[in-house]
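Line by line, the protein sequences are chains A and B. Here this note's numbering runs 237 ahead of the position in the first sequence, where the first position is 1. Here this note's numbering runs 237 ahead of the position in the second sequence, where the first position is 1.
Derived from the structure by calculation, the hints contain no laboratory data. Worth double-checking, as some hints may not be accurate.
Identical copies go unnamed one by one, so any copy, or any two together, can satisfy a pair.
Derived DSS-like pairs: lysine-lysine, alpha-carbon spacing no greater than 30 Å straight-line [unchecked claim]:
1. Lys448 to Lys306
2. Lys551 to Lys377
3. Lys551 to Lys402
4. Lys448 to Lys377
5. Lys402 to Lys448
6. Lys448 to Lys551
7. Lys306 to Lys551
The primary structure of each chain is shown beneath.
There are 2 protein chains.
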Amino acid sequence: MEGVAELTLSRYSIGVDLGGTNLRIAAYRRDSTDGSGIVESVGLPTRVSAGPDAVADDMSRAILPLLAKLGRGEEFAGLGVGTPGPLELPEGVLRNPPNLTGFDGYNLREAIAARVGVPVAIESDANLAALAEFHLGSGKTYAASSLCMLTLGTGVGNGIIIDGKVWDGNNGMGGEAGHNTIYADGEPCPCGSRGCLELYASATGVQRMAKQAFALRHGDAEPPTFTAREVAELATAGDADAAGVYARVGTALGIGLGGLVNTLNLPLYVIGGGTSAAWDLFAPRMMEELRMRSYVYRLTAPSEEESRSRSPRKTHVVRAELGSDAGILGACLLPFVDL
Amino acid sequence: MEGVAELTLSRYSIGVDLGGTNLRIAAYRRDSTDGSGIVESVGLPTRVSAGPDAVADDMSRAILPLLAKLGRGEEFAGLGVGTPGPLELPEGVLRNPPNLTGFDGYNLREAIAARVGVPVAIESDANLAALAEFHLGSGKTYAASSLCMLTLGTGVGNGIIIDGKVWDGNNGMGGEAGHNTIYADGEPCPCGSRGCLELYASATGVQRMAKQAFALRHGDAEPPTFTAREVAELATAGDADAAGVYARVGTALGIGLGGLVNTLNLPLYVIGGGTSAAWDLFAPRMMEELRMRSYVYRLTAPSEEESRSRSPRKTHVVRAELGSDAGILGACLLPFVDL
Chain A
238 MEGVAELTLS RYSIGVDLGG TNLRIAAYRR DSTDGSGIVE SVGLPTRVSA GPDAVADDMS
298 RAILPLLAKL GRGEEFAGLG VGTPGPLELP EGVLRNPPNL TGFDGYNLRE AIAARVGVPV
358 AIESDANLAA LAEFHLGSGK TYAASSLCML TLGTGVGNGI IIDGKVWDGN NGMGGEAGHN
418 TIYADGEPCP CGSRGCLELY ASATGVQRMA KQAFALRHGD AEPPTFTARE VAELATAGDA
478 DAAGVYARVG TALGIGLGGL VNTLNLPLYV IGGGTSAAWD LFAPRMMEEL RMRSYVYRLT
538 APSEEESRSR SPRKTHVVRA ELGSDAGILG ACLLPFVDL
Chain B
238 MEGVAELTLS RYSIGVDLGG TNLRIAAYRR DSTDGSGIVE SVGLPTRVSA GPDAVADDMS
298 RAILPLLAKL GRGEEFAGLG VGTPGPLELP EGVLRNPPNL TGFDGYNLRE AIAARVGVPV
358 AIESDANLAA LAEFHLGSGK TYAASSLCML TLGTGVGNGI IIDGKVWDGN NGMGGEAGHN
418 TIYADGEPCP CGSRGCLELY ASATGVQRMA KQAFALRHGD AEPPTFTARE VAELATAGDA
478 DAAGVYARVG TALGIGLGGL VNTLNLPLYV IGGGTSAAWD LFAPRMMEEL RMRSYVYRLT
538 APSEEESRSR SPRKTHVVRA ELGSDAGILG ACLLPFVDL
């Protein structure tokens, strides 16, 4: 967390990771000795159908005891909240989030601040995963000044960190490259476009492509549903169709990264999220495609030696170091960099 | 030039616009009364085949008399140079520029600095067009904090301005979105990729698409060559094929802008360059495609009233205000913001 230490003398923060299924609240100490930083953690289900006020109530019931125990004084940096997007900033208003039905127009920042009476910083979950990866994961390892992260989960999240801070853009909606077009005439996407990166590089995309491949192979109108992990296991066991699905993941990521490298020319691009566990199955194809798609990448690609030495003048593409804790860690870090 | 005035008390600069065909050198005064700012201007051919040292000699022979006349004291902000890219920064080294054959590896910044003995700031030409458009054109009109510009010429240049400065990225190669993939299986591009934006939105792209359409219509193996301007005239006169070519320009720009809006979420996107004169022929299709491709755009698109009032919280897509002087003006502005 280079650079962040100078921003504040506060020693602890509270983070909230609001998901479509689970809600997690944690207290974080920058000087914790076990390394993770998380000193207390509470998990509960997200009662989406009960509505946003009920979810905000659930949050505050978990936050208030932590505040009472750890204190609201100078040692407290603030409360950081991660939420599925789209999220409009600086207001903190949810804009028709697909994973939080009924929350459209809800000012989540104000709702929480009113309940707990402390400053609240808020960001979309993929931005916070990127923030954590920057300060505690590969960004630290590479001593990078900035990074762009793609989080391969149910969808494809994206976060861009510049000089240690989230790139919010004009409306809090910077870093939504999961919906950049990869195939102009590709599959329709729930976002309203077609051929989005998310359709080819998410767990959902892997499932769909596997289903299509299975239907093609067996002429089956109702092919079975495999999880992304099962498809990865099949591919590892030598199934050519399953391997082909992950090759398609790699191609789509390579095309998407090509555009990001050409546009941003950052030193570090990070692939995280559950589906990134299949790195060995998609990364070779991804790197080959990226090299073809982006002359900026070709001009700045590290040699093997420059990869090893993490040369700061080169463009590195790596797997995320943090696992499923990235979201909550990012929420906990946010008050240190954004309040 | 809001913000720039505070950076320096210097009153004049010298700009160089190095093109593959022409070389232009100008002196610029921030307090010039005629409004353009350019107080002296020299044009000469670029002797590419004579090699980079000869071209640097030509430059210095034009620059030195201006320096002698206007002075090297405190009133002089420095020398700004625009060049076709790719350009590696901070070094100022050309990296195999397609429009400057034989200049690969040449340190243009040092070559000029050694000849004229003053500080030299250097950027690629498309970045400088964007810089000028930010400080003197649509960026000023919209009071924008940042912008992304696409310059439609022989190729498609791109420049990103954040808080009044060029976004160079890690190696000076930020803002090369002209080579973002639009059609994954599209035409091969000289850059080594295929389906790049440049192939569908440049004057060269218009020519190629018109030739293809003409060949299809007449079954002609050797169709005539139209300039992009002639194709625009045909479209305006009611030729459906010519109109179709500009519709394809619009579609490609809409897909490309969709990715840029999703990634960057800036308040202002600007289309400039010679081919942007055909704005009325491609803009309706472009905006329709952008709206489909980017939910970030849909969430932040201005109403007609917000367009008129230039609401700073909305995403505006406009035609450039500066014409062919954008490159030289950007070169002249660069020393004020970058030295």
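Now for the hints, and whether the structure bears them out:
1. Taking identical chains as interchangeable, the C-alpha atoms of Lys448 and Lys306 are never at most 30 Å apart, the minima being 51 Å within one chain and 74 Å between chains.
2. When the C-alpha separation of Lys551 and Lys377 is checked against a cutoff of 30 Å, the pair qualifies only within one copy, where the shortest distance is 16 Å, while the shortest distance between copies is 35 Å.
3. In this assembly of identical chains, the alpha carbons of Lys551 and Lys402 lie at most 30 Å apart whether taken from the same copy (21 Å) or from different copies (22 Å).
4. In this assembly of identical chains, the alpha carbons of Lys448 and Lys377 never lie at most 30 Å apart, being 39 Å within a copy and 52 Å across copies at closest.
5. In the homo-oligomer, the alpha carbons of Lys402 and Lys448 never lie at most 30 Å apart, since the shortest distance is 40 Å inside one protomer and 48 Å across protomers.
6. In this assembly of identical chains, Lys448 and Lys551 lie within 30 Å of each other by CA distance neither inside one copy nor across copies; the values are 39 Å within and 41 Å between.
7. In this assembly of identical chains, the alpha carbons of Lys306 and Lys551 never lie at most 30 Å apart, being 46 Å within a copy and 43 Å across copies at closest.
Of the numbered hints stated above, those contradicted by the structure are hints 1, 4, 5, 6 and 7, listed in ascending order.
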